[in-house]
Amino acid sequence: MVEELLLGDNSFIGVSHLAQEKAREETKEANLGNKVSVIESAIAGGATGFTFSIHESNLGLLTHLKTSRKDLFRGMKYYILLRDVQSYVRKASVDGTSSLLKHELMNALPRASFLRDAIIASVRLKPEDFAAALLEAQLAPYLKILPKENVIAVLLHEVFTELIMAFDLPNLVRSLDSSLQKRGMTLGFETRNFSYFYEYISGRELRPEYLMTPINPLGYQMAQSKDAVEKAVDCLGERAKIIAINVLASGSIDISQAVKYIGGLRDRIYAVTSSSTNPSRIRRNFQTLGSKLLVGG
Amino acid sequence: MLMPEITDYQVYRDQDLKCAVVGLGKMGILHSGILNLLRSNLVRAVVDKSYLTRIGASRLIKSVKFYGDLDKMLHRESPDVVYVATPVQSHWDIVSSLLKANVGWIFVEKPPTVNYAQLLSLIDKMTDQTVMVGLQKRFALPFRHVKMLLSSGVMGEIEGVSAYIRSGDVVAPVWRSDTIGRGVLLDLGVHLIDLLVWIFDVKFVEGSRSQRIYSGRDDRFEVGLRTTGDLQVTAEVTWSNSEYRWPETYLEVTATRGLLRATEDYLKVDLTEKHALLNHRRKLVLYKPHYYQSVPPVNLADPEYTLEHLHFLSCIYSGAEPLTSLRNVSRSMNLIDELYAKAKQ
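From first to last, the protein sequence lines stand for chains L and C.
Here the first sequence stands for residues 10 to 306, numbered as in my numbering.
Here the second sequence stands for residues 8 to 352, numbered as in my numbering.
For reference, chain C alone in the conformation it holds in the complex (with noise of 0.2 Å):
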């Protein structure tokens, strides 16, 4: 089963909860609007520092309280959930007072710190919470679908991966007031290695090669990687391919039965003999449509997002430990930390 947040979904919906939003820029939009599309008025409150954000938009939101300062709001709300939706470089301060103030559930965008140092000063302060990280890449259907394949053997012994993530969002010269000093591979690459890390057990940093371009930072970065299995595994990371209209996720892997290829957007298996799980054939071909058939119940943005919202729903409700909790995404951010240190050398 591809989705099982999917099943009895209502009951951890209708769970009586009171949300809140740090940060309402694109991603906190975002985040609001499904959860108050899967029931209304979950939102109750949202947090964000700019005046004008504030004043404009209690304006014309009247069903949700709008604060200037975090620690007010948790002092008045005294929300269940938490969703931390601002730039990277403070999310390490948003997430610490969540946890002081014993927020139980908290849900913090990807990349969850600006470092592997930060995330395990996070997990430190964890008691009994839980943080969930935004990385709806594990959400996307074709590649839960890669990941059961490879792990049910259709495809044989693998010999090679390679992958990419690729966007035009800088394809000109752009100025950042942040001052974290990381680009691409920490932004975007997040999701690929992550990916890496979820399906093929990726473990170890063999090359690493950054490139500048606009952005003064890295705009484009080329990874070799190592799994536990002794798998090579080689990366592209860019935001500057202009051919790119949205981020494309890409894994290609080659294998003694045959090749798969992957995207968000689809999934291609040609094998050198027929399977059973690929309905006695040799080829598999599907698309978006083939995987998103009456799901999920929102459509908001890509379908992984709200996937990715109803499976911290069902963590909730049954309190178990998220696909993408810190821990679960920890060795993710310390191959970042590897990959920008082995680039520098």
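One chain only, chain L, in its complex shape (with noise of 0.2 Å):
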């Protein structure tokens, strides 16, 4: 059953899966004053929580809230997408790819225990140690000033959960999963071909509890196919904690038809997210979300 409504973070760091036209334009919509009001707005409609990713621009967000918005900052559970991919291939593009770890690396040696780690890992020849590493450097900004109990679970990005199924890196995972363990968090993964996925763990043992993926009635970014992903959800969503992210299909439809294509799966689907720079569409779609589809709702 559905238990919460998640705000997405698309629109507050330029991204738009419709179209980059859109995406610029909200870009020069959501500054800081704009993001606080569509949050506010948000949890009036029935968000319960906030999905985003490793951004600088989410940071100066959330350490705003907190200093000055308590009642919204305390009021939300925290779902961490690791990490806005964008900052990646664009420093890949014009660096080259030895450059951009190069540049990770810097920006993550200032904390003794990433050396240290990262030290252990190199002498012991363990690259997923290593990137466990990486990934709790990259967290720690977040992690210094966001409530610990609120901090639900850590999502991999799309392109590394993509990368994880295509190389079979099952101890990548492991490494992960651990790492963040130690820090009493969960670890979850971001998909858009989510009927590879669920063949994936289920040939490995993986138990993820939270899995982010697209759902919508066009099966857009719905790999293999809209058909197999409904039938992985269906499969999946007994055992873990589906997140459904891209219900409007971009926005392509209104919410109303999302509305009815999830409440068909709405006894797999622990989770639906909703983003906008709009504070009362985002109050709208939440409202109308919760009355269809929470528990009680």
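No lab work stands behind these hints, which were simulated from the structure alone.
Remember, predicted model here, so these are calculated numbers, not experimental data.
Hints are all accurate, no fakes.
FRET-style restraints, in silico, Cβ to Cβ:
#1 C/Trp182 to L/Lys37: 23 to 33 Å
#2 C/Lys25 to L/Glu218: 33 to 43 Å
#3 L/Lys153 to C/Ser47: 34 to 44 Å
We put the beta carbon where it would ideally sit given N, CA and C, even for glycine.
The two chains are supplied separately, each in an independent frame; assemble them into the complex guided by the hints.
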């Protein structure tokens, strides 16, 4: 059953899966004041949490909420997505992949624990432990300010999830999971290839608790196909908490179509996300989603 | 049909192929990822000159063999297909080696070579081999739809075309160690020039002006082109526009029956009269979610990358020449050379 409604951050960080044209418009609108208004309206509409990417503008937003809007800050659960991939791609495009890695290392080095963990991982020739140390270093500034009990899960961005499947890296998953568990956190996955992911984890005794994936009536970003994803949701929904994203197919359908479709899968879906730079729209969206989908709604 | 690659894709996906990838950077990882998601263990070998990359990746990835030397990999693995995803200045050497080693099917990332002369020399070296170039914009469905609508005459007579490709990749001073001396026009502009050749049959250079801003090479280009049908085409190429989070390619066509605008993300058509190909309407607006419903079968990065891979696999299966074979993109590379030469005048 749907138990949570989550505010997404795509509109806040210039991401639109409809068109870049829309993302550019939203970026102009999404100043700090607007983002705070959106969060306020989302909570008023029934949102229970915020799912956001590791991105410097989100760190700025959360820092602001912590100091100026404790009511909003403490009232939300947090699902952290690791991380905004655009900055990776840009850095790799301009300077090359090795420069990207050096850049990430330089950013992580000031953390004493990273240096220690990275050295141990290098000596033991365990790149998966090295990746876990890097993950921790990237999370650190967020965990420093977020209330620990409100951080529900850390989810790997789809690019990392898809590559884990493509190259068959279960040891990397175990290392990341173990690293987060030591800090009392849960590892989850975002994927656009949900039916492949179902097959992948089924054969490797991996039992992630949180899974985030696009679910919409158009089948947009649902690979291998809409039918295959629906079957995988049916199979996995009992043992994992599935977070449905892109339920509006990037804004190309209206909320009533989304609700009708998600309603058919509600027994298998744990949370639904929505994102906007428009405070009234986000409130309406969450009110509709809540009244039609939430347990007791 | 906008996606012939999707029909029966399982047949050519399931061919008994051994693939290798040269260069495990951003694009090498992307291509390997898509291939292996399409079918497990399609990629058997990777060549990368970085010892650190090889040692790290080989500890992590057990299903692939890693090599530092291309010839050694070719000798030991005898791959059917090789993907080249290294920096452009190494493409000619690597593809030459692959052709010499008689690799039947080669995929090389864009731009295929540093210049037109190198491209012609590779074509000369080819026997019954095939080289496809990673110009994936031709696989973006809105652009395929543009080509289909224009060739069906929906728009009437084309009066003008303006276009751009913009990104915000270089918005601060950068230093690059390569010595090719070419910047955004070769790196990013090749996509746009290739689309203009493919859709509008652009053939002649009318004007060209380059601008250095951050990289010490061309960061922005303004070009004037002409088609075989004497149509004027203007275009801008830049990687220094900070408003563009991701690269965006834009085409705008004014015609006797209306206006058409398209990017990788959408197609918008405004006609003066209703038309059957627009469902008997005057307007048509389609975005990515309208085009990519339940397709492609793998979703990693933009959908056109998977379609590009399926196209290549279908060509391997049928023996057909790829849409973006070296021969089919040779005019685009010739125009790039001419634009650089004209800008120097």
